[in-house]
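*Asks:* Guided by the hints, dock chain B onto chain A, whose structure is given.
Take a look at the letters that make up each chain.
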Amino acid sequence: MSLSEAQMMDVMSLADGELEGDDLDRTKKLVEDNADAKELFASLRAIGDGVRGSFDVPKIDVRDAVMRSITPNDLDKARIKRTARTRMAVVGVSLVAIAAAVMFYVRDQQQQQQAQNAAKDSGAQAVLASSLPTGVEVDFVDTPTPVSLFYVPAEKTTSGAEGKTTETPASVVVWVDDNGDPTP
Amino acid sequence: MKTRRAFARAVLGGVATLAFSAFAQAQQPMTLQQGAPPPQQATIDILVLHATNQPGPGSIAPSIANMPQLKRPPFSAYNTYTQLARQSMTLVKGTPASYTLINGRILQITLTNVLPGPRYEISAAINQPGGGPYINLLRVTSPPNDTFFVAGQQYQGGVLVIGFTLH
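Top to bottom, those sequences are chains A and B. When the letters of the first sequence are read in order and numbered with our numbering, they come out as residues 330 to 513. When the letters of the second sequence are read in order and numbered with our numbering, they come out as residues 292 to 458.
Worth double-checking, as some hints may not be accurate.
Here are the simulated DSS-like cross-link-like pairs (lysine-lysine), alpha carbons at most 27 Å apart as the crow flies [what the hints assert, rightly or not]:
1) A:LYS493 x B:LYS362
2) A:LYS367 x A:LYS357
3) B:LYS362 x A:LYS485
Some but not every residue of chain A turned toward chain B, in silico, with C-beta under 10 Å [claimed, not checked]:
4) VAL465
5) PHE469
6) THR472
7) PHE479
8) THR495
9) THR497
10) SER500
11) ASP507
The calculated label-pair distances, taken between Cβ atoms and stated as ranges, are [stated by the list, open to error]:
12) A:THR495 x B:GLN399: 27 to 37 Å
13) B:ASN418 x A:THR494: 15 to 25 Å
14) B:GLY408 x A:THR495: 21 to 31 Å
15) B:SER379 x A:GLU496: 17 to 27 Å
16) B:GLN445 x A:TYR480: 19 to 29 Å
No lab work stands behind these hints: they were computed from the structure. Just so you know, these numbers come straight off a predicted model, no measurement behind them. All C-beta atoms in this analysis are idealised placements derived from N, C-alpha and C, irrespective of residue type, glycine included.
With the rest of the complex left out, here is chain A (with noise of 0.2 Å):
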């Protein structure tokens, strides 16, 4: 072996593909020129073929054992089962408190719709004059002229010699004068 120390491990880091620039073309030259070079680099080739093909190194596949090791045991598939549980029976009872609160709102709707519809039937509505009790009552005037409402109260009144009384109900006058005299 011609090779000194320094050829061999140019010759050893050629052959695993280490050299780059100045010390690739010198080595490759090297080897070239000088057959113990050569031989050297034939048989460190030879080896690491030899090495890779002994067994694939892409085809180990090592996820299905890792997976196969943190799979739950009973234990923990009871308390993910559990969870899941919890977490429907959450979801249930928030969708039944959504109903619940869908359920009022109608309700409360609906009664409130109810007691505007009582209010007008009763004529609790805002009225701008009325002779209540008996229900006379004046909801709206557009006039051009001044308006004036009056209230005329009931009344009772005795006729004739038999003392007969006659209960006049109240009433409402709506006066609009037309000299622009809210008052008669």
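*Replies:* Here is chain B on its own, set in the frame of chain A:
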């Protein structure tokens, strides 16, 4: 997974049923309160009086002597009342009826609604053909046989008093 889906379906079904029953229950009271609607028409009596101030104590026409309101304010501002006209008309809901007053103005009156009781909702307007309006719009709600008045139109040295009675 099947159990979870079944549970979710059951919950959603229950919620839907609950919401539907709540909505149906909320609708029910309104339906129960609605009975047979009252007849959607009414008769209106229109009484037109002329109020004036005459020397002395004044007088009230015998045909309207049974109206003690005429001796109370605001009617007591005039001491003499005479009856100029009396007219009855049938009002059908939503159909305007017209009546020509003695001063040429047109009274247009419409039965807008008949509420339970009954209570009559009417709207009225009094306008001068070719002239300006006197009352653009008047809305009144009245029970049967109660009289309300519209007064103030100048007429022959006095004012017109119009009484309305629905029944």
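*Asks:* Determine for every hint whether it applies to the structure shown.
*Replies:* Consistency of the hints with the structure:
1. A:LYS493 x B:LYS362: holds (19 Å)
2. A:LYS367 x A:LYS357: holds (9 Å)
3. B:LYS362 x A:LYS485: holds (13 Å)
4. VAL465: holds (5 Å)
5. PHE469: With a minimum Cβ separation of about 4 Å from chain B (threshold 10 Å), the hint on PHE469 (chain A) holds.
6. THR472: This interface hint holds because 5 Å falls under the 10 Å limit.
7. PHE479: holds (5 Å)
8. THR495: Given a least distance of 7 Å, the restraint on THR495 (chain A) holds.
9. THR497: holds (5 Å)
10. SER500: holds (5 Å)
11. ASP507: holds (4 Å)
12. A:THR495 x B:GLN399: 27 to 37 Å: holds (33 Å)
13. B:ASN418 x A:THR494: 15 to 25 Å: violated (42 Å)
14. B:GLY408 x A:THR495: 21 to 31 Å: For GLY408 (chain B) and THR495 (chain A) the Cβ distance comes to about 23 Å; the hint holds.
15. B:SER379 x A:GLU496: 17 to 27 Å: holds (23 Å)
16. B:GLN445 x A:TYR480: 19 to 29 Å: Once the Cβ atoms are compared, 24 Å apart, the range 19 to 29 Å for TYR480 (chain A) and GLN445 (chain B) holds.
Hint check: a violation occurs at hint 13 only; the rest are consistent with the structure.
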